[in-house]
Amino acid sequence: MVVEFSIVKEADAQQIKELFVEGGWWNDENDKIEFFVESLIKSTFLFAVAKFEGRIVGMGRVLSEGISDAYIQDVVVLKDFRKQGIGGGIIKLLLKELLAKKISWIGLISVPGAENFYKEIGFEIMQDYTPFIYKKKDVT
Numbered sequence: 113m114v115v116e117f118s119i120v121k122e123a124d125a126q127q128i129k130e131l132f133v134e135g136g137w138w139n140d141e142n143d144k145i146e147f148f149v150e151s152l153i154k155s156t157f158l159f160a161v162a163k164f165e166g167r168i169v170g171m172g173r174v175l176s177e178g179i180s181d182a183y184i185q186d187v188v189v190l191k192d193f194r195k196q197g198i199g200g201g202i203i204k205l206l207l208k209e210l211l212a213k214k215i216s217w218i219g220l221i222s223v224p225g226a227e228n229f230y231k232e233i234g235f236e237i238m239q240d241y242t243p244f245i246y247k248k249k250d251v252t
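Per my numbering, the very first residue in the sequence shown carries number 113; after that it's consecutive.
In case anyone wonders, no lab produced these hints; they're calculated from the structure. It cannot be assumed that every hint is accurate.
Unchecked claim - So the derived label-pair ranges between C-beta atoms look like this:
hint, residue 1, residue 2, range
1, LEU152, VAL223, 14 to 22 Å
2, LYS208, LYS144, 31 to 39 Å
3, ALA226, GLY178, 44 to 52 Å
4, LYS144, THR252, 26 to 34 Å
To be verified - Below are the DSS-like pairs computed for lysine-lysine, each with C-alpha atoms no more than 30 Å apart in a straight line:
hint, residue 1, residue 2
5, LYS213, LYS129
6, LYS163, LYS129
7, LYS144, LYS154
8, LYS231, LYS121
9, LYS154, LYS249
10, LYS163, LYS121
11, LYS121, LYS144
12, LYS214, LYS163
13, LYS144, LYS214
14, LYS163, LYS231
15, LYS191, LYS121
16, LYS248, LYS129
17, LYS231, LYS195
18, LYS204, LYS231
19, LYS195, LYS208
Just so it is clear, CB atoms sit at the ideal spot from N, CA and C, and this is done for glycine as well.
Please put together the full structure from these sequences, using the hints given.
Here's what the structure looks like:
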């Protein structure tokens, strides 16, 4: 299987939506798919896709100020294409791009059970750090 990995500035909105649905991140209230995907890619430091026979089968993106720190997120591969090195290929492409830009701090938050996947690529668990999320609707 020949999979092409690339950094893109635009992508097919329906195919990206399919990946967001696969990842469990899609909000059905979001009816402006093209606007959402266009805005998402434009506001992302790096957006990588994996294509097989012209179809986007995986993606990942990086949030960064472009100087020192970067966060990899939204890495997902369609279920039928998993366990074939595509997720690793996406991560490695993003890492190469970040390192070429001299960005020295690269982090991510893994879903439980995927730790070994990231360790095999070279990531380490951040000891003494705990991720947080804000879920309130206001600030009190």
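Checked hints:
no.	hint	verdict
1	LEU152 - VAL223: 14 to 22 Å	holds, 20 Å
2	LYS208 - LYS144: 31 to 39 Å	holds, 33 Å
3	ALA226 - GLY178: 44 to 52 Å	violated, 27 Å
4	LYS144 - THR252: 26 to 34 Å	holds, 31 Å
5	LYS213 - LYS129	holds, 29 Å
6	LYS163 - LYS129	holds, 15 Å
7	LYS144 - LYS154	holds, 16 Å
8	LYS231 - LYS121	holds, 29 Å
9	LYS154 - LYS249	holds, 26 Å
10	LYS163 - LYS121	holds, 15 Å
11	LYS121 - LYS144	holds, 18 Å
12	LYS214 - LYS163	holds, 27 Å
13	LYS144 - LYS214	violated, 36 Å
14	LYS163 - LYS231	holds, 25 Å
15	LYS191 - LYS121	holds, 25 Å
16	LYS248 - LYS129	holds, 26 Å
17	LYS231 - LYS195	holds, 16 Å
18	LYS204 - LYS231	holds, 12 Å
19	LYS195 - LYS208	holds, 21 Å
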